[in-house]
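Peer 1: Listed here are the chains, written in short residue letters.
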Amino acid sequence: MAVVETKAAQAASEDKELLISGSEAVAEALTLADLDVVTAYPIRPYDTVMQAIAKKISGGQLTAEYIVAEGEHSQFEIVKHASTVGARVFCGSSGVGWAYAMECLVVTPPLRVPMICLVGNRALDDPGAFGVEHNDALFVRDLGWMLCWIDTSQEAFDTTLIAYRVAEDRRVFLPCAISADGAFLTHSQAITMVASKEKVDRFLPRYNRGDLLLHPDNPITVAPQANEDWVIEIRRQNDEAMKRAYTVIEEAYADFRKVFGRGPENPWFEEYMTEDADVILIGMGTISLPMKVGIRNMRAQGKKVGLVRLRWFRPFPTEKIVAALSKAKAIGVVDRNYSFGSPFASGVVANEIRAALYNSDKRPPLLSFISGLGGREVTLEDVYKAADLCYSAATSGKSDARTHWLGVRE
Amino acid sequence: MSALICEVVYRGIFQKNLASRITRGIVLSARKAGRWGIAFGRYGDSPQRNGIPAKDFAIVADTKEELEQNMARYEPKHVDVTICVDDTLSKGVESWAWYGLQPINKLTVPNGTLLMTSLQSPESLLKDIHKKDAPYKLSLIPAKASFAGLWVYREDHTEVRILGALAKIAPDFLTLDAVSQAIKESEWGSDLKVASAKKAYERIETREIKMTEGNGEIPFSFEMPKWWEMREGVTIPAIPVGKPKEAGKGYVPERNPYFKKYTTRTMRPVIDFDTCVKCNLCWISCPDSVFDVMPDGTFDAAMEACCGCGVCEAVCPVEHCVTMVNEQAFDDNASQWEMWRKDKAAYKTWLGTKIADKKTTVRSHGFRFRGQYDQELKAELDSGGVEITAGIPGENAAHKTV
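The listed protein sequences correspond, in order, to chains A and B. Read in order, the letters of the first sequence are residues 4 to 413 in the working numbering. Read in order, the letters of the second sequence are residues 41 to 442 in the working numbering.
Keep in mind that the hints are not guaranteed to be accurate.
Unchecked claim - Using 20 Å as the maximum straight-line C-alpha spacing, the simulated SDA-like pairs for lysine to any residue come out as follows:
no., chain 1, residue 1, chain 2, residue 2
1, B, K266, A, D391
2, B, K301, A, D232
3, B, K300, A, Q304
Said to hold, decoys possible - Per label pair, the in silico range of CB-to-CB distance:
no., chain 1, residue 1, chain 2, residue 2, range
4, B, P297, A, I235, 20 to 28 Å
5, B, G337, A, P227, 45 to 53 Å
6, A, P227, B, A287, 56 to 64 Å
7, A, P222, B, E359, 36 to 44 Å
8, B, I78, A, K365, 31 to 39 Å
9, B, G337, A, R174, 28 to 36 Å
Derived by calculation from the structure, the hints in this document are not laboratory data. Beta carbons are placed, not taken as given, at the ideal position from N, Cα and C, and that holds for glycine.
Using the sequences and the accompanying hints, generate a full structural model.
Peer 2: Structural data, given as structure tokens:
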């Protein structure tokens with residue numbers, strides 16, 4: 004429950020099963036979270052969520068300010084301001100729309116605004132394309148945004164509630180972008196359990212901005228100009244908030260499991276058949292589907308391959324990921340993004356994991372793969388190829404310093 | 041001494057180009073003897089505001105390594121020569137990057153030199169200049185605060201007079217010949233300017249200042265908060281509302297504990313409480329909430345908040361009720377209203393002296409008519425001033441002649 008109270012109560016106090024897309028699942032969660040202010044500006048594939056919210060409002064299930072902005076820049080500015088006066092807010096975009104909002108995305112974390120966004124991951128122009136790439140959300144990876152990647156409609160629903168719980172915690176107060184792969188998740192409908200309002204109210208407390216609330220009873224100035232005598236202290240404050248988010252995320256998932264009776268033990272990443280794995284593949288988002296199927300097929304042939312699907316990218320689960328990966332004989336990171344000119348010309352996740360492993364005593368050979376760019380299908384053959392290359396590295400004990408592009412015509 | 045470090049303390053905008061010419065002149069003069077140097081400004085002062093104290097620096101050294109040795113910090117922590125080109129800054133420096141009040145001689149090394157342009161005597165200046173825990177020298181060039189550098193540079197020769205004086209103060213680094221040559225070669229140089237530099241070299245007067253001399257007041261300072269002490273979210277709490285002055289009457293606002301303006305102003309309002317009609321216009325118009333409402337309904341200007349803009353004088357409907365007077369005429373920041381309440385006759389006399397002196401009531405940092413600055417400089421030719429010479433660098437500098 005937040006500032007603008009929704010009058011039309013949820014009809015059923017029971018959980019219900021719906022066939023909905025990832026975007027619609029987010030809108031279900033927003034309705035139950037009693038969203039106050041949402042801004043919209045259309046761009047595919049994010050626009051599916053703005054349409055789903057509009058339907059909720061027009062259907063009388065949600066009472067919220069729905070503001071159509073004249074572009075993404077204003078879209079993100081408006082909710083930023085609404086959040087400072089105590090409103091629970093939602094926003095989102097995709098690809099170059101997210102890029103157009105960049106100035107506002109930059110100022111949101113230092114102002115400690117717990118804005119929740121859906122990034123419907125989309126390739127950046129040019130060429131103008133609709134398919135998924137993760138480079139859009141990754142723009143903000145160094146700026147104090149919490150970033151997570153989801154895989155299913157169910158996870159979309161659950162993670163939206165968890166994200167509010169974490170972001171609006173006074174210890175954190177940082178924005179969170181939930182990334183959903185364009186098309187594969189935003190436009191695909193799956194069976195999803197939508198929880199009762201009663202459960203959501205038990206899990207998600209009211210947003211309380213406390214001493215940072217912009218209100219006549221709490222006269223403050225927000226965002227003044229400052230010189231070198233102040234800036235580094237402000238950065239250090241954000242650093243601490245991001246560090247505190249580790250604890251708050253763990254708490255939120257534990258409570259989520261208690262209230263909803265489901266949800267992962269490990270908030271940070273999903274492990275699939277990793278216990279005895281010689282080779283572990285790593286990816287984010289819906290790429291897990293061909294990987295899981297490929298792994299099952301390879302296991303039938305006696306190849307012990309496993310998967311780590313990273314959920315939380317910021318804050319990055321350094322120690323946990325090191326513990327999970329260092330037991331493998333070789334690891335392969337499949338990036339649905341690129342970082343041109345980066346070390347070993349790798350994707351972003353591969354280099355993060357390399358850095359995380361640097362201080363570890365046991366560093367298995369790490370191979371880097373670029374795959375599925377622009378929404379290209381990641382095929383089972385791609386998965387087999389990646390696993391086979393990792394097996395060769397496991398045998399030789401050496402990493403191939405080259406980054407392999409999968410599924411590119413050559 | 042193998043390196044010479046100088047700071048130029050100046051007023052933002054008004055003297056920006058002047059300070060830059062001085063620091064460049066120091067480096068280019070030292071270069072004549074094959075030395076290395078750098079001229080730079082305090083970056084925190086860079087978004088300058090009208091009249092806000094700011095700093096430029098020049099470092100010259102025998103070798104590149106020695107130069108780097110002295111450059112490996114954000115700004116020098118000590119200087120051999122402090123150059124101050126506006127004597128209202130003798131009260132100290134609070135730059136745009138507010139960090140309390142820094143005495144004008146704070147960075148001057150023991151036995152170093154504070155070089156100022158001023159028409160005041162050393163004794164008069166020492167009422168404002170804070171005491172220092174080491175002896176130093178005070179060198180004076182007779183001149184008023186330069187207003188050369190606002191928008192169009194008025195060639196009032198202040199930069200070359202400073203350089204000429206430096207040749208006397210630090211001859212090991214800047215000989216008069218080197219300074220003369222550097223001036224001549226610069227885009228703003230001329231034979232007349234070389235002559236002005238030589239005149240300053242002759243006229244500069246230096247006096248040893250003992251540790252016991254100077255203003256004993258402890259300068260306003262505050263502790264910068266730690267990162268965990270600051271409110272999060274780039275959030276600044278508002279200044280709390282004020283309280284009645286006394287007996288439930290009047291109103292005194294709370295004031296920012298960090299943001300003071302003691303040295304920002306070059307002039308301050310002097311108020312005739314007897315003629316005040318209590319119209320509230322000064323109180324309403326003041327952009328800095330300077331005015332306290334007194335129990336009798338008159339208005340007292342709190343000096344910690346006044347930046348000297350003069351809006352109060354401009355809006356006051358009563359003649360001579362609010363008069364802006366140059367900071368040189370004051371040695372403290374005491375309440376005028378309290379002085380008036382204590383002894384009205386004495387206050388009348390005090391007020392009369394302050395506002396009668398044309399030298400201190402004529403605007404020193406802003407002009408009422410075109411050509412006022414030229415007139416003022418001419419009027420002071422006897423005390424060392426020079427006539428402004430024609431010529432705007434880059435436009436018609438080639439035509440400027442003696």
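Peer 1: Each hint should be assessed against the structure and marked as holding or not.
Peer 2: Hints, verified against the model:
| no. | hint | result |
| --- | --- | --- |
| 1 | K266(B) <-> D391(A) | 54 Å, violated |
| 2 | K301(B) <-> D232(A) | 18 Å, holds |
| 3 | K300(B) <-> Q304(A) | 77 Å, violated |
| 4 | P297(B) <-> I235(A): 20 to 28 Å | 22 Å, holds |
| 5 | G337(B) <-> P227(A): 45 to 53 Å | 34 Å, violated |
| 6 | P227(A) <-> A287(B): 56 to 64 Å | 37 Å, violated |
| 7 | P222(A) <-> E359(B): 36 to 44 Å | 39 Å, holds |
| 8 | I78(B) <-> K365(A): 31 to 39 Å | 51 Å, violated |
| 9 | G337(B) <-> R174(A): 28 to 36 Å | 51 Å, violated |
Checked against the numbered hints listed earlier, the structure breaks hints 1, 3, 5, 6, 8, 9; every other hint is satisfied.
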